[in-house]
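A.B. asks: When you get a sec, could you build the whole thing from the sequences and use the hints?
One-letter residues, chain by chain:
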Amino acid sequence: MAFTNIILTLVLIINTFFLYMLNKKDNDLIRVFRFVNIGIIIWTFPILIWFFIDNKKILFILGIIAYWGPLLVSYSMFRVACLFPVAKNLFGQKTKIFSFCIFLIGILITLIPGFVLKEVGDYGYDLVTGVGIYLFFLIVILFALASLIIFVIKYFKSQGFYKYQLKYLFFGFFISIVIGFTSNAVLALLNTYSFVWIGPSITLLFIGFVTYSVTRYRFMGVRLIASKIFFYFIIALFSYIFFYFVYFFETWFLGGVLSSQSLSFGFVIAIIFAFVFLKVLNFVQKSSDTLFYKGYNPRRIIKDLVLRLSTVIKLNEILKQLFKEFKNILATDEVDVVIFSNNKEKKYSGTREKKLFKNLLINSKDVIYKKIYKEKNILVKVELDKEKDIKLIKELEKHDIEIIAPLVSHNKIIGLLILGKKISQDAYNQEDFEFLEIISTQAATAIENAILYKEVEEFNKNLQKKVDEQTFDIREKTDRLQKLLAMRSEFLDIASHQLRTPVSVIKGVLSMMKEGSVPDDRKQEFIESALSKSFKLEEVIDEILRASEMDSDKFEIDLEPIDLLSVLKAIYEDKNVLAKDKGLKFLVNLPKKLPKIMSNEKYIKHVIRNLINNSIQYTPKGSITLSVKKIKGFLELHVKDTGIGIPKKNLPHLFAKFSRGKNAVDVYTDGSGLGLFIMKKIIDAHPGGKVYIKETKVNKGTTMVLKLPLAK
Amino acid sequence: MSKDKNKKILLIEDDPSQRMMYDLEFSNFGYKLDMASGGKEGIRVSKEIKPDLILLDLVMNDMDGLDVLKEIKSQKYAKDTKIVVMTNLTKKGLEKECKSSGAYDYIIKSKFIPKEIVKKAEKYLKK
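These protein sequence lines are chains A and B, in that order. Position 695 of the first sequence, counting from 1, maps to 695 under the numbering used here, and the rest follow consecutively. Position 124 of the second sequence, counting from 1, maps to 124 under the numbering used here, and the rest follow consecutively.
If you are wondering where the hints come from, they were derived from the structure by calculation, not from laboratory data. A hint or two may mislead.
Unchecked claim - Using 27 angstroms as the maximum straight-line C-alpha spacing, the simulated DSSO-like pairs for lysine-lysine come out as follows: (1) K120/B with K640/A; (2) K697/A with K621/A; (3) K70/B with K536/A; (4) K327/A with K422/A; (5) K82/B with K523/A; (6) K483/A with K5/B; (7) K514/A with K92/B; (8) K70/B with K82/B; (9) K523/A with K70/B; (10) K70/B with K507/A.
Unchecked claim - Only part of the chain A face toward chain B is listed, based on derived beta-carbon distances under 8 angstroms: (11) H497; (12) G508; (13) S548.
Said to hold, decoys possible - The calculated label-pair distances, taken between Cβ atoms and stated as ranges, are: (14) D80/B with S623/A: 34 to 40 angstroms; (15) K629/A with D80/B: 55 to 61 angstroms; (16) K79/B with E601/A: 55 to 61 angstroms.
Predicted model, so just to flag it, every value in this text is computed and none were measured. Heads up, the beta-carbon is just placed ideally off N, CA and C, and yes, glycines get one too.
C.D. replies: Below you can see the structure in the form of structure tokens.
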């Protein structure tokens, strides 16, 4: 009797627990499932208190209520079968009403006096049944069979864990029905009531099956509760057995619990118990973890995830972890993570439209946007006010959103976690929210870190690019500097050559004169030669100075309108003497009037003088001719000679700073290397100005052209 | 008159002032100096007279002295001819280049007065 009572009390407690748990949720399936539990309680309770009551009238009422239990269980199971796995009435409204009518009939016939139950038996522990009992049992069995058949049909039609759950539901329910029916219906018909307690008790098995199948959902809340029930149950059972074992041992072998032997034995046992108990506690905890969390417990899951999130630095990795855990813990496939960075949304995973994310990011009129940005808190659809937030609810439903958890870091929303319905169609529970709260905070930090890390990485990349660019710049500058240095050293080489040549003559002549090596009749010749070299020396020095003055990119000369004719006349006077000395004809072919040119008298004189000097220098015999042409805004001065011409190989280098050929000694002996360089610099300072060789033939002569802009 | 005084010396130099100067100083010391006023002439004359010593200028109007050096050195007759480069050009690597092209020595003209050049020439001839 006591054993029956313990079992039944346990059934009641567990069922109440379940009822309490299921109360929190709000969907059709859960609501129906709640009735299964109520049915079990209605079934259990009268049997439990049956033997404490001897009023036959009350017992009769209790008997009727006890009969309602299996009917309610059976009917609710039918409804569960219809609704599961998807909370959608598979057989439509008609089935719903029809089945409810049958259920009502079942209830009603028990109320017809004498139809199902006649009275309480003489001994107070049996019920005298009427003809209606067969109809009643038929209804119960029909519901049970129908649900079993639906489970089987659905089993074959479904896939994955639904199949798995259907299997558990089927077997749980099947065993409960068979045993329950046998103990309660068949035996009742045979007037045997001593096993009636087995009926409701066996539903424990059913609840166990359901719990296990549900927990395999990884449905956090249920899993936690189930694991606690398991834990306390096993521990209680262990203590209970241990206690009675010791009790009986002491009573039978040690002469009672209070004998001196028992007391000392008890002390030893207590120590052993303490030791063993800890082991068992540990073992049970572990096995409950293994059973319900596949080796994890919720706290550890969160701890692990937080730890992982804080160590992972790559954004994609973090999101991967998040998706995985959401799928595992919250059992939802519809997860979207939107990260906002620099006013651009980035969507990861999920199936929702892109437009939604854009709205969430920028559309301040969007109802979801408003709510989220105002409250910066987790938004749960089912917790919204159904009248006040009707718009918002509709919008959320449109996108299949159950929960939006903003990722807030430093009081700024950096992204959103968007969750759809659970795979089980269950509502999210408190545990889930807590999990979300913890994880979204951690995720926000982790994601922000990852974004920062990415930014730093990008910054580094940019920096490297900049450094590379600047290095390139520096290298370019270095190259230019090196070229410049090479030019400088060439300049020195050639300048020193140009200086040494006259010096060697002056020095040589003077030394010979001093030593009396020059005969009197040649003294004049030697002195003249030295003197001429000293003039040359001065010229070279001047040119070197001018060259160094012009040897900068910034070299500019002041241009003004000048009369070329007068310049040419002055030069002609000067150079005609030199030409005559060499036996050359200096011809000028100039018009009477010329338009003014934009130039600088001092510099242009130098250029023209140089050109003519060159011609005279390289023309052993014949003539030098000057002529002027007017061409489209320019004046062209032609200097034509009948000299030695310029070898072809020297042509490209002629106006290089220090004209030199492949052998590095192509220096113009008289310093025209420098002279040409200076000329070019001056002409380049004239807009559109040019100096070039129009024509040159070895031993036939050269025509140089100087092109200068007209004054406007 | 020593044996060396009969030896043939050729000066290849395009500057008339220098030719005049060296011509006089060499004759003062008893040498007959053959002269050419440019690279081409120098090559032609050296082929003609096959000198024992050539004093060669580098910077000339008509030809690069280094080309002249290579040209003469490539001739069979010039196998034992000592060619001394006599220039005012100091350029990094130039002396080495001349010597590797067959120049016997490399003199900077302005560092020596004509008498010293003659003394140097005597030394080259003795060796």
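A.B. asks: K483/A and K5/B: Cα distance at most 27 angstroms?
C.D. replies: violated, 49 angstroms
A.B. asks: Using the nearest Cβ pair, does S548/A come within less than 8 angstroms of chain B?
C.D. replies: Violated: closest Cβ of chain B sits about 19 angstroms from S548/A, beyond 8 angstroms.
A.B. asks: For the pair supplied as a hint, K120/B and K640/A, is the alpha-carbon distance within the 27 angstroms limit?
C.D. replies: violated, 45 angstroms
A.B. asks: Has the given pair, K327/A with K422/A, been kept, meaning a C-alpha gap of at most 27 angstroms?
C.D. replies: Answer holds: K327/A to K422/A is near 9 angstroms, not above 27 angstroms.
A.B. asks: Hint says 55 to 61 angstroms; check whether the CB-CB distance for K629/A and D80/B agrees.
C.D. replies: Given a distance of about 59 angstroms, which is inside 55 to 61 angstroms, the answer is holds.
A.B. asks: Taken at face value, is the distance from the CA of K536/A to the CA of K70/B at most 27 angstroms?
C.D. replies: Distance ~31 angstroms between K70/B and K536/A Cα, so the pair is violated.
A.B. asks: Measure nothing beyond the straight line between the CA atoms of K70/B and K82/B; if it is 27 angstroms or shorter, mark the hint as holding.
C.D. replies: With Cα atoms ~13 angstroms apart, K70/B and K82/B stay inside 27 angstroms; holds.
A.B. asks: Under the criterion that the straight-line Cα-Cα distance not exceed 27 angstroms, is the pair K82/B, K523/A satisfied?
C.D. replies: violated, 32 angstroms
A.B. asks: So if I understand the rule, the pair passes when the alpha-carbon distance is 27 angstroms or less; does K70/B with K507/A pass?
C.D. replies: violated, 30 angstroms
A.B. asks: With chain B as the partner, please determine if H497/A meets the hint condition of a C-beta pair closer than 8 angstroms.
C.D. replies: Because about 5 angstroms separates H497/A from the closest Cβ in chain B, which is inside the 8 angstroms limit, the hint holds.
A.B. asks: Could you grab the alpha-carbon distance between K523/A and K70/B and see if it respects the 27 angstroms cut-off?
C.D. replies: violated, 37 angstroms
A.B. asks: Take the shortest C-beta to C-beta distance between G508/A and chain B; is it under 8 angstroms?
C.D. replies: Given a least distance of 5 angstroms, the restraint on G508/A holds.
The structure fails hints 1, 3, 5, 6, 7, 9, 10, 13, 14 (numbered hints given earlier, in ascending order).
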